[in-house]
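Asker: Each chain, written out:
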Amino acid sequence: MSTEFQPDDERFIARVKQVLDQSVGGIDHPTVLRLQHARVAACEVRPARPWRLLWAGGLATVSVAALALVLWVKQPALENHHAPVLEDMDLVLSTENVELAEDLEFYHWLADDDVTG
Amino acid sequence: MIMEMAGQESSDTRWMCERITALHRNQALDCFLAGIERRAFRIAKIATGDADEAMDLVQDAMLKLVQRYSTRDEAEWGPLFHTILQHRIRDWYRRTKVRNRWRQWLGKGEAFDEQCDPLESVADTSQPSSDKQLALKQATVALEQAVRTLPFRQQQAFLLRAWEELDVAQTAAAMGCSQGSVKTHYFRAVHTLRKLLGDHWL
Chain A
33 MSTEFQPDDE
43 RFIARVKQVL
53 DQSVGGIDHP
63 TVLRLQHARV
73 AACEVRPARP
83 WRLLWAGGLA
93 TVSVAALALV
103 LWVKQPALEN
113 HHAPVLEDMD
123 LVLSTENVEL
133 AEDLEFYHWL
143 ADDDVTG
Chain B
712 MIMEMAGQES
722 SDTRWMCERI
732 TALHRNQALD
742 CFLAGIERRA
752 FRIAKIATGD
762 ADEAMDLVQD
772 AMLKLVQRYS
782 TRDEAEWGPL
792 FHTILQHRIR
802 DWYRRTKVRN
812 RWRQWLGKGE
822 AFDEQCDPLE
832 SVADTSQPSS
842 DKQLALKQAT
852 VALEQAVRTL
862 PFRQQQAFLL
872 RAWEELDVAQ
882 TAAAMGCSQG
892 SVKTHYFRAV
902 HTLRKLLGDH
912 WL
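From first to last, the protein sequence lines stand for chains A and B. Per this note's numbering, the first sequence starts with residue 33, numbered consecutively. Per this note's numbering, the second sequence starts with residue 712, numbered consecutively.
Same shape as in the complex, but just chain A (with noise of 0.2 Å):
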């Protein structure tokens, strides 16, 4: 079937369109007020984010909270860890080790005297 259009077809169809374009001025005044706060409330909404912001801000944020996770996790076995360290400086700089330092060195002045002698 064809459907190409005749002369009189598109004539037909321009007056048509005309008196469509026409036929909107006749709207009614609160329609056309309601038509306008349709317009502004649809304005006044944010667009949607796009899927792949949603989901890198997604992956982000689980990444930061297994990262949180993580560290949290092993926050006793790390402290557990420097303990021994801590308690090993307190000996080191304590005044009395120091004394006690020097005391050995006495004592090793005696044994060998004591070998030689």
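One or more of the hints may lead you astray.
[Said to hold, decoys possible] With a Cα cut of at most 20 Å, we get these calculated SDA-like pairs of lysine to any residue: (1) A:LYS49 x B:ASP878; (2) B:LYS906 x A:ASP40; (3) A:LYS49 x B:LYS775; (4) B:LYS906 x A:VAL72; (5) B:LYS894 x A:CYS75; (6) A:LYS49 x B:LEU908; (7) B:LYS848 x A:VAL51; (8) B:LYS775 x A:VAL72; (9) B:LYS848 x A:ILE59; (10) B:LYS775 x A:CYS75; (11) B:LYS848 x B:ARG749; (12) B:LYS775 x B:ARG810; (13) B:LYS906 x B:ALA873; (14) A:LYS49 x B:GLU764; (15) B:LYS843 x A:ALA100; (16) B:LYS906 x A:CYS75.
[To be verified] Only part of the chain B face toward chain A is listed, based on derived beta-carbon distances under 8 Å: (17) CYS728; (18) ILE731; (19) ASP741.
[To be verified] Using C-beta positions, here's what the derived DEER-type ranges look like: (20) A:ALA46 x B:VAL852: 15 to 21 Å; (21) B:GLN815 x A:GLY57: 37 to 43 Å; (22) B:ARG736 x A:HIS69: 16 to 22 Å; (23) B:GLN815 x A:GLN54: 37 to 43 Å; (24) A:ARG43 x B:SER889: 35 to 41 Å; (25) A:THR35 x B:LEU845: 33 to 39 Å; (26) A:THR35 x B:THR724: 23 to 29 Å; (27) B:ARG812 x A:GLU36: 23 to 29 Å; (28) A:VAL96 x B:GLU764: 45 to 51 Å.
The hints are simulated quantities; they were obtained by calculation from the structure and are not laboratory data. A virtual CB, placed ideally from N, CA and C, is assigned to each residue, including glycine.
Go by the hints and put chain B onto chain A.
Answerer: What follows is chain B alone, placed relative to chain A:
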């Protein structure tokens, strides 16, 4: 410190650019919707025969366009808007069909007809019309009645092609059918309307 300040300045500039782009886009959208809203309302009203339903459909289409497609190129907004509106109208048809079937089954068809306000059908005589306005009103009413007698697909094809001047591909996308179907529906619609409206329309 200098690096930090430069970074802050760059993020401020980016924020400003984004704000300006968003404002420009909002203005462009407002202009686009202002130019199309009345025709869209007419199309929806011809399809549904009800001003409130038509208003809801147009509002939904506007919201969806802004939410989903406002970042698209401005040239695409027209075909996209009509695609959304036609989907909404098709959904409305389906819902109405199901509702009417239930109403008939429950025997409430007549009760529903009685609920219609008879005052709504009374002509508005508050503003005296000139001959020209009267002729236009009569022509519009005759045309709308004739378009409403068309099958839904022909109605869609006719309004989108003849009034909105979408091309065949855009109309096919909006109607969700092939380009061949659009040509056939449009051709049949024009010939049926010519028969219904008579030769004085030429």
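Asker: Would you mind marking each hint as holding or not holding in the structure?
Answerer: Going through the hints against the structure:
1. A:LYS49 x B:ASP878: Holds, because 15 Å separates the two Cα atoms, which is no more than 20 Å.
2. B:LYS906 x A:ASP40: 12 Å, holds
3. A:LYS49 x B:LYS775: 27 Å, violated
4. B:LYS906 x A:VAL72: 41 Å, violated
5. B:LYS894 x A:CYS75: 35 Å, violated
6. A:LYS49 x B:LEU908: Measuring from Cα to Cα gives roughly 14 Å; hence the hint holds.
7. B:LYS848 x A:VAL51: Answer holds: B:LYS848 to A:VAL51 is near 9 Å, not above 20 Å.
8. B:LYS775 x A:VAL72: 13 Å, holds
9. B:LYS848 x A:ILE59: Holds, because 11 Å separates the two Cα atoms, which is no more than 20 Å.
10. B:LYS775 x A:CYS75: Distance ~10 Å between B:LYS775 and A:CYS75 Cα, so the pair holds.
11. B:LYS848 x B:ARG749: 16 Å, holds
12. B:LYS775 x B:ARG810: Violated: B:LYS775 and B:ARG810 sit about 25 Å apart, past 20 Å.
13. B:LYS906 x B:ALA873: Holds, at roughly 17 Å.
14. A:LYS49 x B:GLU764: It is violated: about 24 Å lies between the C-alpha atoms, which goes past 20 Å.
15. B:LYS843 x A:ALA100: Answer violated: B:LYS843 to A:ALA100 is near 76 Å, above 20 Å.
16. B:LYS906 x A:CYS75: 42 Å, violated
17. CYS728: 17 Å, violated
18. ILE731: 16 Å, violated
19. ASP741: 5 Å, holds
20. A:ALA46 x B:VAL852: 15 to 21 Å: Holds - the Cβ-Cβ distance for A:ALA46 and B:VAL852, about 20 Å, lies within 15 to 21 Å.
21. B:GLN815 x A:GLY57: 37 to 43 Å: Once the Cβ atoms are compared, 39 Å apart, the range 37 to 43 Å for A:GLY57 and B:GLN815 holds.
22. B:ARG736 x A:HIS69: 16 to 22 Å: Because 20 Å falls inside the window, the suggested range holds.
23. B:GLN815 x A:GLN54: 37 to 43 Å: 39 Å, holds
24. A:ARG43 x B:SER889: 35 to 41 Å: Roughly 28 Å apart at Cβ, these two residues miss the hinted range, so it is violated.
25. A:THR35 x B:LEU845: 33 to 39 Å: 36 Å, holds
26. A:THR35 x B:THR724: 23 to 29 Å: Hint violated: Cβ distance 55 Å, outside 23 to 29 Å.
27. B:ARG812 x A:GLU36: 23 to 29 Å: 40 Å, violated
28. A:VAL96 x B:GLU764: 45 to 51 Å: 48 Å, holds
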